[in-house]
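Chemist: Read off the chains here:
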Amino acid sequence: MALVLTEEQELLKQTAREFIQEKSPVSELRRLRDARDPTGLDRGLWKEMAELGWAGVLYPEEYGGMDLGYVELGQIFEECGRALVAQPLLSTVVLAGGCVLEGGNETQKKDVLTAVAAGERLLALAHQEGAHHDPHAIATRAESKPDGYELNGRKTFVLDGHIADQIVVVARTSGENGDRDGLTLFLVDPDTAGLEITRTLMVDGRNSSLVELDRAVVSRTSVIGEVGRGANILDRVLDRATVALSAEMLGTLSEAFDKTVDYLKTREQFGQVIGTFQALKHRAAQMFVEIELTRSIVLEALSAIDADDSDTSLLASCAKARCNDAIFMIGNEAIQMYGGIGVTDEEDIGLFLKRARVTQLTLGNSAWHLGRFATLQGY
Amino acid sequence: MALVLTEEQELLKQTAREFIQEKSPVSELRRLRDARDPTGLDRGLWKEMAELGWAGVLYPEEYGGMDLGYVELGQIFEECGRALVAQPLLSTVVLAGGCVLEGGNETQKKDVLTAVAAGERLLALAHQEGAHHDPHAIATRAESKPDGYELNGRKTFVLDGHIADQIVVVARTSGENGDRDGLTLFLVDPDTAGLEITRTLMVDGRNSSLVELDRAVVSRTSVIGEVGRGANILDRVLDRATVALSAEMLGTLSEAFDKTVDYLKTREQFGQVIGTFQALKHRAAQMFVEIELTRSIVLEALSAIDADDSDTSLLASCAKARCNDAIFMIGNEAIQMYGGIGVTDEEDIGLFLKRARVTQLTLGNSAWHLGRFATLQGY
Amino acid sequence: MSDLESFRQRAQSWLEESCPASMREPVQHQQDIEWGGRAAQERNDDKMLWLERLGKQGWTCPTWPAEYGGGGLSNEEAKIVQEEMRRIGARPALTSFGISMLGPVLLEYANEDQKKRFLPEIVQGKIWWCQGYSEPGAGSDLASLQCRAEDKGDHYLVNGQKIWTSYADKADWIFCLVRTDPAAPKHDGISFLLFDMASPGVTISPIALISGASPFCQTFFEDVKVPKDQIVGKLGSGWTIAKRLLQHERSMIGGMGFGIGGGPSRTIPDVAKEYCGEVDGRIADPASRQRVAQFQMDQRCFSATTRRAAEEAKAGTPPGPKSSMFKLYGTEMNKRRHELLISLMGTQALGWEGDGFSAEELAETRDWLRSFGNSIEGGTSEVQLNILAKRVLGLPD
Amino acid sequence: MSDLESFRQRAQSWLEESCPASMREPVQHQQDIEWGGRAAQERNDDKMLWLERLGKQGWTCPTWPAEYGGGGLSNEEAKIVQEEMRRIGARPALTSFGISMLGPVLLEYANEDQKKRFLPEIVQGKIWWCQGYSEPGAGSDLASLQCRAEDKGDHYLVNGQKIWTSYADKADWIFCLVRTDPAAPKHDGISFLLFDMASPGVTISPIALISGASPFCQTFFEDVKVPKDQIVGKLGSGWTIAKRLLQHERSMIGGMGFGIGGGPSRTIPDVAKEYCGEVDGRIADPASRQRVAQFQMDQRCFSATTRRAAEEAKAGTPPGPKSSMFKLYGTEMNKRRHELLISLMGTQALGWEGDGFSAEELAETRDWLRSFGNSIEGGTSEVQLNILAKRVLGLPD
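Residue numbers (the numbering used here), protein chains in the order written: chain G, 4 to 382; chain P, 4 to 382; chain A, 82 to 478; chain D, 82 to 478.
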C-alpha cells in the first residue's frame, strides 16, 4: 500500500482545491446558514461537481462513474473538509450510494448509481436511532405483509435526509435490538405514506433529519441485498464512510491548524507576535505531530479499502479515533489561541470548531472505535 | 470538617519535619538500600519515633497511645513522605494495627496495641494476592480443623512482612474468590509451621514480602473479629490506610516539586536559568495547581475519618486517585526537567520517582478507585 | 442570649416580613436575575420591591460601611444574613458589577466625595455599571490599551473604543481605563475614569458569539466629555486600581463554574444513564462511566480547595496571586463539564434550534459553545499560568 | 532475468554459504549484539566470523562506495540484501555508531585521506567508536561546550570532560566536539576531532542510572595529544558537522522505539490478559482494555508515519527538520509503552532483583526506568519541539 500520492492523485487534489477555493469557500457555508437556505446546500454546484466526476469517482464506468478508488475520493473529501463544503458526498455517494453499490441488484445499481453519478439524485441513509452511533442497535422493525414490508421506527441524524430523493432505511426483519443478524436494507421513496421527515438544524449548519416510520409500507423490490443479511452490506459501507469522513476531518483540522499558525505569526501582544511565546510554540509543535500521524493513518486506511485489505475495519477505527482526538485538540487549541476574537461569530474559526464536534460524533466517537479495535484485535 | 490545621497540628507537623530532617533524611533510605540492610529499616529509630508518640497516635491512652486522629497522623505521614522515610507506619500502625484496633477483642488490643505504641512490635497485613489491589479477591482458604484453622494460599506484596513480629492474614472461611462475605482475619505468628516468608526487593528500596501458607495451622483465638465477617473490619482499615498513604504521597510529590522548582531556578542553559522558559513555567504552574487540589482532598479525607463521616470511602478513593495522578505527573515531569542528571542514580530525584510508582500501585490504582467511586455514587 | 443570636432573630423576622413570596422561588431563567439600574427603577414588581427593601437596609452589600449605604455588618453578622436568606430560599436581590468589582476598589481608592456619591447608588442598585477594560488590539496585554482621555481644562475628552463590554447596551455608567499620558511607559499613563453611558458620543454595537447572541458589546467613544472629578485615584495610577479590580473579577469568575450557565438540571450521572444506557445500575458504557467519575472526583477536589482557601482567608491567609488558580481551574473545569455533557448526549446535544431536540438539549449546545470564552475572558488561562509561575513559584522572567 | 533478479540469486547463495547457523538465531540478550572493535578481533567465534565475512563484502554498509570498503550497492540492491538476510533470519553482523553516526558525516565532510583511513575500519568493525558530545554543564545547550583543544604547533592538546559517552569504557576511538577558538561566538569556535581512547590522559568513569548499571560514562581528558590531521572539516566548522550527525542520531533513536530494550516478549494484550484477567476473551478490566487499544492505535499511526516518511524520502522529499518528530514521538511512545506495561503488571513489575519476580518482570522494571532517558538523550523532547516550531512551522524566535 503506497503512502504517497501518485502524480494523477496529486493533480486531482490540486484541481479539487482550486475548484473549491473558487466556488465553495467557507463563506458559502456561512451564506447558506445565514440565509436559512431550505435545501441547506447548492444543488447547482453539486451538479458542477458531478460534472467533474466527483459524484461517480467510485462507481463503474458503465454507470457513468470514473471507477477510481478511495485514495482519490479521499483527496476530494480532504479538500471539502478544508473549506467546510456542504455537499452530499458522504450521504449520497458513500453511505446510501455505497449500500446500492455493495449490495444492490443490477436494476437498482443502474438506476441509482447512474443518477447519482450525474449529480441528479440525492440519497440518504437512515440508520442511527439514538444519540450515539451503534451500528447494530436497530429497533426499527420491518414486518413482512402481503403487499411488501411495513416499517415502524424512528431514525435520528439522517444526513441530508430532508432533501434526499431516495432513502436507504435500515430495519430489523428478525432478531433483537443489538443483533448483527436480522437487518435488512430498504430503498425507500420519501413520499411513501407513513414516512415523515423533519429537518433538524445542527450546530455546524449542515443537513440532518429525523425520519419517522409509522406503518410505512414498501414493496419487496425495495430490498437491497438479502433479507436479514443487511449487516454484511452495512458494515462494509460504514467502514468506508468512516474513512471518507476521516479524510474530510483531516482537511478540516489541517486548515484550522494552518489558520492558527498564521494567526500566531501576526497577532501581537506585549509588543511581540504571540508565536514567539514558547508555551504556544510547544503546543503548536505538538499539534503538528498529531496532524502528521493523522495524515498517515488516513492515507493507509484509504489505501487499505482500495486493496480490499483484511485490516480495513481495524484501520478505519484507527483513522476515525485519531481524527476525533486530533480535531478535538486542534479545534479547542485554535479557539484558545485566537482568544476573544475566536469566540465571535464573525471569525471563521468557530465554524471549524462546530463542524469538528459534529464530525467527532458522526459514525462513532473515539471510545466506540477503541472498543471495536480491541474486539477486532482479539482482546 | 476543618480544612486548615489547628496550632497544635501545625506544631506536630513542624516537629515531625525537624526530627526527620535530622534523623532520617533521604540519604538514610539510600544508605539502607546500598548496605542491603537485612531489616530494611532502622528499628532503633522506630523506637525513637514511638517515643515521640507516632506509633500510638491513633490508639487509646490505655494502650499507651495519644488518642489523636488521622489529621494528626496524616501530618506525620506527609513529612515521612517528604524524606522517603522507610519506617513501618503504614504496615504496623495503620494496616495490621488498624485491624486489631477496629476488630480485636480486649485481650488482643491490650497485647498488640500496647506493644506497637511502644515501638516494640512490628506487624504486617498479608492481604493482596495477585499483582493488583483487589480487596475481596481472596483465594487463600482457612479450613476449620479440630485444633484451629488450616491456612493455604499465597500472599504478595506484604509490606514489612519479613520483619513483622505478627502477621494479620486475610483468608476465606466461606464463599468464592471475589465475595465480600466469608473473609476472616487471623493474627499469626511468623514462626508458625507451614508459613514461609520471602523478602522481595522492590524498586523503591522499601520492605515487601511473599507469604506462603501451606497447611499452616493457627488457633481459634487468633481470629480477629467475627468469622466470615472480616470484610467489615478490612474495608474500614483499607479506607483509612488509603488516606494515610495518600498523605505520604502528598509529602513525596510536594518535595519532588519543590526540588524541581529549585532546580529550574538554578540550572542554566543557553545563557539563562531554565526557569525562564515559558513552556517549563506553564508546566510548573500546572503542577502547582494539581498539588493544591491534592492537598485539599487529602485534608478533607483525613478529617472525614476523624468525623466518621459517611463519605469517608468516597473521599478515600478521591484522595488516592488524585494522589496517584499527581505523583505520576510530577515524578515524570521532575525527571524530564532535571534532564540527564535526573536519570542518574547519584541524584535523589530518581528515588522519588521509584517510590512514586510503588505508592501508585499500593492500595489501588486510579482506575480501581474511579470504579469504586462510581459504584459508591450509584452509577 | 448572645449578641449574634439576637441579631439572627432580628434578621429572621426582618427577612420574613420583607422578602416577597415570589422572591423565594429558585432562579430559573436569565430574566430572573435583577441587575438594577435606571430603567429598572420605573418598574413596579416584586423584584424591585425586594431590591428596594434590601438595598435600603444595606444588605445587598452587608459589610460595606453604613455611611456609604452599606449594611455596616461584621463578617459574622453578614454570614448570618446569608444563612438566613438561604434558609428561606431568598434570591439575591441584585447582581451587579458595581458590587463585585467596582465597589471594593472605590472603597480602597476613591476620595470621600466619590464614595458618598457612588457607593449608595451601587448598594441600592440605582445604577447599572459596566466595565470598559479590553480593546480590540489589546487582549491579554491589557495595558497596551489605546483609548485616550485628553485634559481639556475643565473636562476630559475621551476617544477610542472598548470591546467585550458586558451589557454596555443596558448599563447606565461605565468604569473605564483610559490613557491620560501617551508619553509615559505603558503601565504609567493609564487612569481609571467613571462616566455616564448616556453622554453624547457613546455608541454601542452588540457582539454575536459562536453560541449566538451575547451580553457583550463593542463600545465606541467619540469626543465624550467627562467631568474631571470622575477620575478615581491619582492621574496615571489607573493600572494599580485595574489590577486590584481584576483580582476581584477573577475570584468571581473562578467561583462561578458550577450550576450557572444552565445545561441539564439533572446530575451528570443521570444524563449519562439516560443517553448511554444503564446496566445493573451502572452507566452502560465503561468509558463514559470513567469519564463521569473522573470529572466528579475533580469537582470534589476543586470544591475542597475553594473551601480550604475560604477557611485560610478567614484564618488570616488570603490567597493573593494564588487566586489565579481558581480562575484557571474553575473555567477549564467548566469547559470540561460541557465537553463531557456533549460526549454523553451525543448528536442530541449538537442541535442549533427547532425540531428534534428538547429545550434542555438546545440549551446545552449553547452553553457548551459559550464556555469556550471562560478561559479567555477575565484573563486567559495562559495569563493565569504566567502569574502563578512568576508570583507564586517565583520563577524568573 | 533482470539484473536485480540475478543479483538476488547471487546474494542468496552468498548468504546461504557465509552466514553461520548460530547467527540465524534471534538476538535475545545484550551480549548477542556485536559492536566490533580491537578487543573483538582477538575473539574466534561465529559472531566474529560473520562480521569478518560480511565486512569484507562491504555489506555492513551496503551503499557506501566500494573504494572506502563499502558494498557499493544501489538502493535497490541494498534492499535485496536486507530482504534476503531477513528471510534467513540472519542477525546484523555489526551494531556501531561508526556506521549509524560517524560514517555518514565522514563521507560528507572528511578529506580523502581520512575517508581512506577511517571508513574501511568502520565497515569491517575494526574500531569501536564512541561519541564525545555532551558535557556536564551543557545539556540541551550542546554548543556551550567547554572541552578545549589548543593548537600546539604539531598537535592539539585536549583538556576537559564529556558525559553520557556510551561505551567509552569499551570503545577504541572517539569522535569529539572540542572548542578550538574560545574567543569566537559559541557556535563558531567548535571543531570536530577524532582520537584514540588509548591516548595518555584519557580516563573513564562509568555512570550508574536509576535503572542500574549503564553503558554511559563520564570521560576526562587531561593533556591528551591529538595529531593535527585528525580534525574533520575546517577548523571551527565542527558545529555544522555536529548538527548533521545529530540528525542521523535522531532518526536512529526515533526508529528504535519498539522491540528493543527487552521487556515482555509477548504482546501487550497478552500481558494484560495474564495480569488483569480475561472475561469472554476480553481484557477483564475495561480501563486497561481501553489503554491497551489506545496505545496500539497510536503505535499503528506512528508506524504508518515512519513508512510514509520513508516512501516520501524515496520519492525525493527527505524529512529534513521534520525528523525531530520521530525522535519526539518515538521516545515518548516508548516511555508510554513501559508505563502501560507497569500499570498492567502491577506490583509484579516493581521488583528490583531476587525472589518473587520472574526474569521477565525484573527486566521490565529496568527497561521502564531506562526509558526515562529516551526523551532526554540525543536532544530532549523540548529541543525537538523548539526545532519543529521554528524550522517546520516557521514560528519566530
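Hints in this document: simulated from the structure, not taken from any laboratory.
Don't take each hint at face value.
What the hints assert, rightly or not - The list that follows gives simulated cross-link-like pairs (lysine-lysine, DSSO-like), each with its CA atoms no further than 30 Å apart:
id, chain 1, residue 1, chain 2, residue 2
1, P, Lys268, D, Lys395
2, A, Lys315, P, Lys262
3, A, Lys160, G, Lys268
4, G, Lys50, G, Lys268
5, D, Lys324, D, Lys233
6, A, Lys315, A, Lys267
7, A, Lys160, A, Lys196
8, A, Lys197, G, Lys268
9, D, Lys403, G, Lys16
10, P, Lys268, D, Lys324
11, A, Lys160, A, Lys233
12, D, Lys395, D, Lys196
13, D, Lys416, D, Lys403
14, P, Lys268, A, Lys197
15, A, Lys160, A, Lys395
16, A, Lys403, A, Lys309
17, D, Lys233, G, Lys268
18, A, Lys403, P, Lys16
19, D, Lys395, G, Lys16
20, D, Lys233, D, Lys160
21, A, Lys324, P, Lys268
22, A, Lys197, A, Lys251
23, P, Lys268, D, Lys416
24, P, Lys268, D, Lys267
25, A, Lys471, D, Lys471
26, D, Lys324, G, Lys268
27, A, Lys251, A, Lys233
28, D, Lys160, D, Lys395
29, P, Lys262, D, Lys403
To be verified - To give an idea of the interface, some chain G residues facing chain D are shown, with a C-beta separation under 8 Å as derived from the structure:
id, residue
30, Ala5
31, Glu11
32, Gln12
33, Leu14
34, Thr18
35, Met69
36, Leu71
37, Tyr266
38, Thr269
39, Arg270
40, Phe273
Heads up, the beta-carbon is just placed ideally off N, CA and C, and yes, glycines get one too.
Chemist: If a hint holds in the structure, say so; if it does not, say that too.
Modeler: Going down the list of hints, with the structure as the test:
no.	hint	verdict
1	P:Lys268 - D:Lys395	violated, 46 Å
2	A:Lys315 - P:Lys262	violated, 43 Å
3	A:Lys160 - G:Lys268	violated, 51 Å
4	G:Lys50 - G:Lys268	violated, 39 Å
5	D:Lys324 - D:Lys233	holds, 27 Å
6	A:Lys315 - A:Lys267	holds, 16 Å
7	A:Lys160 - A:Lys196	holds, 24 Å
8	A:Lys197 - G:Lys268	violated, 49 Å
9	D:Lys403 - G:Lys16	holds, 23 Å
10	P:Lys268 - D:Lys324	holds, 29 Å
11	A:Lys160 - A:Lys233	violated, 47 Å
12	D:Lys395 - D:Lys196	holds, 26 Å
13	D:Lys416 - D:Lys403	holds, 21 Å
14	P:Lys268 - A:Lys197	violated, 49 Å
15	A:Lys160 - A:Lys395	holds, 12 Å
16	A:Lys403 - A:Lys309	violated, 36 Å
17	D:Lys233 - G:Lys268	violated, 50 Å
18	A:Lys403 - P:Lys16	holds, 23 Å
19	D:Lys395 - G:Lys16	holds, 21 Å
20	D:Lys233 - D:Lys160	violated, 47 Å
21	A:Lys324 - P:Lys268	holds, 27 Å
22	A:Lys197 - A:Lys251	holds, 24 Å
23	P:Lys268 - D:Lys416	holds, 27 Å
24	P:Lys268 - D:Lys267	holds, 23 Å
25	A:Lys471 - D:Lys471	holds, 26 Å
26	D:Lys324 - G:Lys268	holds, 27 Å
27	A:Lys251 - A:Lys233	holds, 29 Å
28	D:Lys160 - D:Lys395	holds, 12 Å
29	P:Lys262 - D:Lys403	violated, 34 Å
30	Ala5	holds, 7 Å
31	Glu11	violated, 14 Å
32	Gln12	violated, 12 Å
33	Leu14	violated, 15 Å
34	Thr18	violated, 21 Å
35	Met69	violated, 25 Å
36	Leu71	violated, 20 Å
37	Tyr266	violated, 11 Å
38	Thr269	violated, 11 Å
39	Arg270	violated, 12 Å
40	Phe273	violated, 14 Å
Comparing the model with each earlier hint shows violations of hints 1, 2, 3, 4, 8, 11, 14, 16, 17, 20, 29, 31, 32, 33, 34, 35, 36, 37, 38, 39 and 40; every other hint is respected.
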